[in-house]
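Student: Below are the chains, spelled out letter by letter.
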Amino acid sequence: MHIVVCLKQIIDPEIPPHVFQIDPVKRKQIRGKQALVISSFDEVALEVALQLKERVGGKVTIITIGGSEAVEALHTALAMGADEAILLSDPAFDDSDSFGKAHILAAALRRLGEFNGVLCGRQAGDVEFGLVGPFLAEEMGLPCVTLVANIEPGDGKVRLRRPTEDGYEVLETSLPFLATVTNDESNVPRYPSIRGIRTCMRRRIPVWSAAELGLDPATVGPEAARIKLEQLFIPKREIRCEFIEGESGPEKGKRLALRLQELKLI
Amino acid sequence: MTDILAFCFASAEELPRASVELLAAARQLGDKLGDGNVQALFLGPDAEEYGETLVHRGADEVFTVSHPRLQYHEAEVVLGMLETAVQRLSPSVVLFPHDALGGDVGSRLAYRLGTGIITDCVGFEIEDGVIRWLRPVYGGKAMAYMVAGGPMQLATIRSRAFEPLPADPGRQGQVQALEIDVDSIPSQVSFLEKIQEKIEGISLDQAQIIVSGGRGMGNAEGFSALRDLAGVLGAAVGGSRPAADLGWVPHSRLVGQTGKIVAPNLYIAVAISGAPQHMAGAGASKTIVAINKDEDAPIFKVAHIGIVDEWENVLPALSAACKAVLNG
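Going line by line, the protein sequences match chains A and B.
Just so it is clear: in the first sequence, position 179 is 170 by our numbering, and no numbers are missing.
Just so it is clear: in the second sequence, position 13 is 16 by our numbering, and no numbers are missing.
Because the hints were derived from the structure by calculation, they are not lab data.
There could be a bad hint or two in this list.
[Claimed, not checked] Taking lysine to aspartate or glutamate pairs in the DMTMM-like style, the calculated list, with each CA pair at most 20 Å apart, reads:
| hint | chain 1 | residue 1 | chain 2 | residue 2 |
| --- | --- | --- | --- | --- |
| 1 | A | Lys24 | A | Glu63 |
| 2 | A | Lys50 | A | Asp74 |
| 3 | B | Lys304 | A | Glu5 |
| 4 | A | Lys19 | A | Asp3 |
| 5 | A | Lys227 | B | Glu128 |
| 6 | B | Lys326 | A | Asp14 |
| 7 | B | Lys197 | B | Glu79 |
| 8 | B | Lys197 | A | Asp157 |
| 9 | B | Lys289 | A | Glu63 |
| 10 | B | Lys197 | A | Glu238 |
| 11 | B | Lys304 | A | Glu242 |
| 12 | B | Lys304 | A | Glu233 |
| 13 | B | Lys201 | B | Glu79 |
| 14 | A | Lys44 | A | Glu105 |
| 15 | B | Lys296 | A | Glu233 |
| 16 | B | Lys326 | A | Glu242 |
| 17 | A | Lys148 | B | Glu196 |
| 18 | A | Lys227 | A | Glu63 |
| 19 | B | Lys201 | A | Glu5 |
| 20 | A | Lys219 | B | Glu130 |
| 21 | B | Lys197 | A | Glu253 |
| 22 | A | Lys148 | B | Glu79 |
| 23 | B | Lys201 | A | Glu233 |
| 24 | A | Lys219 | B | Asp131 |
| 25 | A | Lys219 | B | Glu128 |
| 26 | A | Lys227 | B | Asp184 |
| 27 | B | Lys296 | A | Glu238 |
| 28 | B | Lys289 | A | Glu229 |
| 29 | B | Lys197 | B | Glu17 |
| 30 | B | Lys201 | A | Glu242 |
[As the list claims (entries may be wrong)] Which stretches of chain A does chain B cover? Using the computed rule of at least three CB atoms under 8 Å from a CB of chain B, they are:
| hint | region |
| --- | --- |
| 31 | 40 to 50 |
| 32 | 59 to 69 |
| 33 | 155 to 165 |
| 34 | 236 to 247 |
[Unchecked claim] Heads up, incomplete: computed chain B residues facing chain A, CB under 7 Å, no partners named:
| hint | residue |
| --- | --- |
| 35 | Val133 |
| 36 | Leu137 |
| 37 | Tyr141 |
| 38 | Gly142 |
| 39 | Gly153 |
| 40 | Ser193 |
Note that beta-carbon positions come from the ideal geometry of N, C-alpha and C, so glycine has one too.
Please build the complete structure, drawing on both the sequences and the hints.
Tutor: Have a look at this one:
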């Protein structure tokens, strides 16, 4: 089974709000000294792909759109166990919207030719639009199942499990398919192995440009965008926290109960 | 006249809160645009039963499609029907709930129509006749105004972002069934089964009080102290993403951007740092109480009432005192 995983490299989303900065003119986050990481749901998608490979064999190819700095994310994914990596890079790709990104990824899938499944994270860890996966499925005409946590391989088919609020759903589709992936207990991403890091960190990564993908630059980039971020700002919060004081923890707990009663909250 | 179509889907036997919230959002958008006509497209196994109720809740026109298949998240069937409905009604705006089905069919309908879609919206403003959709980005650390280009405006609306309109039995509107041949819609994906697990305790949706724990609870046993407090208060138990990922609470109990969005009267956050991803789920609570040993934890920036201490020192006394208070 050949699974392709689409990854996005983002600025570490776990940073605390006080070091989070934006550029209101470029309408983007400012990286500063923050680390770049693989978007967390994409990492989960890679884990699901690696588990599939372990069960039925085959290979996992990762693709990403980005500049040369994105090679680091691909090296990490290789060290986790992916077999091949391709960087889709071209100045024409910058500031593409979700339609443009899906179009670039679709061109890469066509160039790859044979694959049985495509996995994407349910949404990117930065802007969180959640559109590229479904758009890519539509562009490629692939059966699409969203918010899947794990995948059972079958004979020319896959069974996909989608967690719900109060249980789960099971869906089935033929190959090739596309799924967007969410997390649960079964797909916590593995760490890259030391050996993996040693052997993968210097691997040369093929780079495919717009020309190599046969892409008309007018179909990607900001000019082609239909989803536009016009204004970015950090909201002001004006809540003053009322602290319950006391000599000891139990005393504070008791005072809190009385305060909640006073406010008619309990 | 600007037609605003709200996508309503009822798989269970009651009118989902998401549908009513969506009508409130559509009504507000219609009023801001000045000439809005709110249409509800209502799909479900017994959709026509809800026609009048939807009018009372803000719809000017209701179109129902009833079919036994319309109780499952079968995206291609719903999508096929949506395409037909949207072609016939040609609305200017289509609103979806930002949930599993709404996000799935909304995004794919946008692709098929070649039109822009803005997901997870919490508000909007109109500037020179253009809708500027407001949505959180970067885990809620920033907000963005976004604009969708193309022949139609599509948006998914975050739950709890709009307060439902009170039912007005005097409101008049039209209700009609839409004839769509559901059986002939092809699907490449088969829906095999839906498993509902028994939920212990009070559900997050219905609770007036929620007690949630985070990574700082230390282990699964820590959650039993939370359950004690929840038992006393008649509250539901929730957890942050680390707590759910560590298996201390089931994922169905996850409060946050990728879990449940809740808005109880009282939200008690214990050993939760208050990451934006979590607050996206709990931020709409009327009163937030935080108990955390770190006085610099971001949770105290959003909490109304706080205690700085180890939870182990506070919770037993809090539970006992609440019990005493409630027993009068």
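Student: Against this structure, judge whether each hint is valid.
Tutor: Each hint, compared with the structure:
1. Between Lys24 (chain A) and Glu63 (chain A) the alpha-carbon distance is near 16 Å, which keeps this suggested pair within the 20 Å criterion.
2. Taking the CA atoms of Lys50 (chain A) and Asp74 (chain A), the gap is near 6 Å; set against the 20 Å cutoff, the hint holds.
3. Under the criterion of a C-alpha separation no larger than 20 Å, the hint pairing Lys304 (chain B) with Glu5 (chain A) is consistent with the structure, at around 17 Å.
4. Of the supplied pair hints, the one linking Lys19 (chain A) and Asp3 (chain A) holds, its CA atoms being roughly 14 Å apart against a limit of 20 Å.
5. Taken as a hint, the Lys227 (chain A) and Glu128 (chain B) pair is honoured in the structure, with Cα atoms around 18 Å apart against an allowance of 20 Å.
6. Between Lys326 (chain B) and Asp14 (chain A), the direct Cα distance comes to roughly 51 Å. Violation of the 20 Å bound is thereby established for this hinted pair.
7. A C-alpha spacing of about 17 Å is found between Lys197 (chain B) and Glu79 (chain B), which places the hinted pair at or below 20 Å, so the restraint holds.
8. Annotation: proposed proximity of Lys197 (chain B) to Asp157 (chain A) holds, straight-line Cα distance about 10 Å (limit 20 Å).
9. Straight-line distance between C-alpha atoms of Lys289 (chain B) and Glu63 (chain A) comes to about 44 Å, which puts the hinted pair past the 20 Å bound.
10. For the given pair, Lys197 (chain B) sits about 52 Å from Glu238 (chain A) by alpha-carbon distance, which is inconsistent with the 20 Å threshold.
11. With a C-alpha separation of about 23 Å, the suggested pair Lys304 (chain B) and Glu242 (chain A) falls outside the 20 Å cut-off, and the hint is violated.
12. Between Lys304 (chain B) and Glu233 (chain A) the alpha-carbon distance is near 11 Å, which keeps this suggested pair within the 20 Å criterion.
13. The hinted pair formed by Lys201 (chain B) and Glu79 (chain B) fails the criterion: a straight-line CA distance of about 29 Å is larger than 20 Å.
14. For the given pair, Lys44 (chain A) sits about 16 Å from Glu105 (chain A) by alpha-carbon distance, which is consistent with the 20 Å threshold.
15. For a cut-off of 20 Å, the pair hint linking Lys296 (chain B) to Glu233 (chain A) stands: about 15 Å separates their Cα positions.
16. In summary, the hint linking Lys326 (chain B) to Glu242 (chain A) is supported, as the alpha carbons are separated by about 15 Å, within the 20 Å threshold.
17. A hinted pair counts as satisfied when its Cα atoms are at most 20 Å apart, and Lys148 (chain A) with Glu196 (chain B) qualifies at roughly 16 Å.
18. Restraint check for Lys227 (chain A) and Glu63 (chain A): not satisfied, since their Cα atoms lie roughly 35 Å apart, outside the 20 Å limit.
19. Using a Cα cut-off of 20 Å, the hinted pair Lys201 (chain B) and Glu5 (chain A) is violated, with the two alpha carbons roughly 33 Å apart.
20. With a CA separation close to 15 Å, the supplied pair Lys219 (chain A) and Glu130 (chain B) stays within the 20 Å bound.
21. With a CA separation close to 45 Å, the supplied pair Lys197 (chain B) and Glu253 (chain A) exceeds the 20 Å bound.
22. Using a Cα cut-off of 20 Å, the hinted pair Lys148 (chain A) and Glu79 (chain B) holds, with the two alpha carbons roughly 18 Å apart.
23. For the hint linking Lys201 (chain B) to Glu233 (chain A), the alpha-carbon distance of about 38 Å lies beyond 20 Å, and the restraint is violated.
24. This hinted pair checks out: Lys219 (chain A) and Asp131 (chain B) have alpha carbons roughly 16 Å apart, not beyond 20 Å.
25. At most 20 Å may separate the alpha-carbon atoms for a hinted pair to count; Lys219 (chain A) and Glu128 (chain B) meet this at roughly 15 Å.
26. At most 20 Å may separate the alpha-carbon atoms for a hinted pair to count; Lys227 (chain A) and Asp184 (chain B) exceed this at roughly 50 Å.
27. Simply put, Lys296 (chain B) and Glu238 (chain A) have alpha-carbon atoms about 15 Å apart, close enough for the 20 Å limit, and the pair holds.
28. For the suggested pair Lys289 (chain B) and Glu229 (chain A), the alpha carbons sit about 14 Å apart, so the restraint of at most 20 Å is met.
29. The hinted pair formed by Lys197 (chain B) and Glu17 (chain B) meets the criterion: a straight-line CA distance of about 18 Å does not exceed 20 Å.
30. Pair hint Lys201 (chain B) plus Glu242 (chain A) does not hold up; C-alpha atoms about 38 Å apart against a cutoff of 20 Å.
31. Counting residues of the region 40 to 50 of chain A whose beta carbon lies closer than 8 Å to any beta carbon of chain B gives 0, which falls short of the minimum of three for the stated coverage.
32. Residue count for the region 59 to 69 of chain A with a Cβ under 8 Å from a Cβ of chain B: 0. That is fewer than the three needed, and the coverage hint is violated.
33. Here the region 155 to 165 of chain A counts 11 residues with a CB under 8 Å from a CB of chain B, which clears the bar of 3, and the coverage holds.
34. Taking a C-beta to C-beta cut-off of 8 Å, the region 236 to 247 of chain A contributes 8 residues in contact with chain B, enough for the three needed, and the coverage statement holds.
35. Hint status for Val133 (chain B) relative to chain A: violated, with the closest Cβ pair at about 9 Å, above 7 Å.
36. Taking 7 Å as the C-beta contact cut-off toward chain A, the hint placing Leu137 (chain B) at the interface is violated, the least distance being around 9 Å.
37. Among the interface hints, the one on Tyr141 (chain B) holds; its C-beta lies about 6 Å from the nearest C-beta in chain A, closer than the 7 Å criterion.
38. Hint on Gly142 (chain B) holds. Least Cβ distance to chain A is approximately 6 Å, under the 7 Å limit.
39. With its C-beta approaching chain A no nearer than about 5 Å, Gly153 (chain B) sits inside the 7 Å limit, and its interface hint holds.
40. Look at Ser193 (chain B): its Cβ gets to within about 5 Å of chain A, closer than 7 Å, so that hint holds up.
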